[in-house]
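J.: Residue numbers (this note's numbering), protein chains in the order written: chain D, 158 to 270; chain B, 5 to 116.
Derived by calculation from the structure, the hints in this document are not laboratory data. Glycine is no exception: its CB is placed at the ideal position from the N, C-alpha and C atoms. Any given hint could be a false lead.
What the hints assert, rightly or not - List of simulated lysine-lysine pairs, DSBU-like, C-alpha gap at most 30 Å:
(1) D:226 to D:174
(2) B:103 to B:74
(3) B:30 to D:226
(4) B:73 to D:228
(5) B:30 to D:222
(6) B:30 to B:103
(7) D:214 to B:30
(8) D:228 to D:175
(9) B:74 to D:228
(10) D:174 to D:222
Stated by the list, open to error - Below, a sample of chain D positions facing chain B; criterion: calculated Cβ distance under 10 Å:
(11) 192
(12) 209
(13) 221
(14) 227
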Amino acid sequence: EAQVTQNPRYLITVTGKKLTVTCSQNMNHEYMSWYRQDPGLGLRQIYYSMNVEVTDKGDVPEGYKVSRKEKRNFPLILESPSPNQTSLYFCASSWMTSGSEQFFGPGTRLTVL
Amino acid sequence: SQQGEEDPQALSIQEGENATMNCSYKTSINNLQWYRQNSGRGLVHLILIRSNEREKHSGRLRVTLDTSKKSSSLLITASRAADTASYFCATDEKTSYDKVIFGPGTSLSVIP
Numbered sequence: 158e159a160q161v162t163q164n165p166r167y168l169i170t171v172t173g174k175k176l177t178v179t180c181s182q183n184m185n186h187e188y189m190s191w192y193r194q195d196p197g198l199g200l201r202q203i204y205y206s207m208n209v210e211v212t213d214k215g216d217v218p219e220g221y222k223v224s225r226k227e228k229r230n231f232p233l234i235l236e237s238p239s240p241n242q243t244s245l246y247f248c249a250s251s252w253m254t255s256g257s258e259q260f261f262g263p264g265t266r267l268t269v270l
Numbered sequence: 005s006q007q008g009e010e011d012p013q014a015l016s017i018q019e020g021e022n023a024t025m026n027c028s029y030k031t032s033i034n035n036l037q038w039y040r041q042n043s044g045r046g047l048v049h050l051i052l053i054r055s056n057e058r059e060k061h062s063g064r065l066r067v068t069l070d071t072s073k074k075s076s077s078l079l080i081t082a083s084r085a086a087d088t089a090s091y092f093c094a095t096d097e098k099t100s101y102d103k104v105i106f107g108p109g110t111s112l113s114v115i116p
């Protein structure tokens, strides 16, 4: 089944404790992206990747890191989480950068205390 | 930056009625897409319309695009309770092919 998976689905952590949210897709998509969703703000793009070893900042990259060592995986790293990073996070992938449907993962609900 | 802005923020209608949601954006775009999200779950793609298209249909969905007004509308005809969800427009700016920007969404409630 074609899908985007994220892990973990739920995470409660404390300020400053490094964490990684994994994202994997099995559709051989080139484009992958991370978003955060906050009430009233819709989805805001954190980072995106056009292909292996090619990443770029979205609208809200501060406090996040990503890597794209393999085509299928695009982990999101929070080196020192803070409470303002409490949010619902979505990973997405698509065939190309512009003009193609994005497939979304189920979301990761992160709470930083 | 907020490229897409949906209007209204919330909409409540009776089953069988039509629902219309609007999206406005600020800069020139290559494409505009509409997505649907059921409460707290991942987004599902509904339809894509390119900047050189004016109207597109998919089942009960009709999307229009007016590039001169920088706006799009999504019409859901003969709504069903199962259409209850949030609807988002997403655009990619002409100057940045790789960024996708979502609006804050319209929350649709269809009352049986």
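J.: Sort out whether residue 222 of chain D lies within 30 Å of residue 174 of chain D, counting only the CA atoms.
T.: holds (14 Å)
J.: Please work out if residue 30 of chain B and residue 226 of chain D have their alpha carbons no farther apart than 30 Å.
T.: violated (35 Å)
J.: Would you check the hint for residue 214 of chain D and residue 30 of chain B, treating anything up to 30 Å between C-alpha atoms as holding?
T.: The given pair, whose Cα atoms are some 20 Å apart, holds under the 30 Å limit.
J.: Does residue 73 of chain B pair with residue 228 of chain D here, judged by a C-alpha cut-off of 30 Å?
T.: Given that 30 Å is the threshold and the Cα spacing comes to 38 Å, the pair is violated.
J.: With 10 Å as the cut and Cβ atoms as the points, is residue 192 of chain D at the interface with chain B?
T.: holds (7 Å)
J.: Given the hinted pair residue 103 of chain B and residue 74 of chain B, is their alpha-carbon gap at most 30 Å?
T.: holds (18 Å)
J.: So if I understand the rule, the pair passes when the alpha-carbon distance is 30 Å or less; does residue 228 of chain D with residue 175 of chain D pass?
T.: The given pair, whose Cα atoms are some 24 Å apart, holds under the 30 Å limit.
J.: Straight-line Cα separation of residue 30 of chain B and residue 222 of chain D no greater than 30 Å?
T.: holds (28 Å)
J.: Holds or violated: residue 74 of chain B and residue 228 of chain D, Cα atoms, limit 30 Å.
T.: Given that 30 Å is the threshold and the Cα spacing comes to 35 Å, the pair is violated.
J.: Could you check if residue 221 of chain D really has its C-beta closer than 10 Å to a C-beta on chain B?
T.: violated (15 Å)
J.: Taking the least C-beta to C-beta distance, is residue 209 of chain D closer than 10 Å to chain B?
T.: Hint violated; residue 209 of chain D Cβ to chain B Cβ min 15 Å, cut 10 Å.
J.: Does the alpha-carbon distance linking residue 30 of chain B and residue 103 of chain B stay inside the 30 Å limit?
T.: Holds, at roughly 14 Å.
In terms of the numbered hints stated before, the structure departs from hints 3, 4, 9, 12, 13 and 14, listed from lowest to highest.
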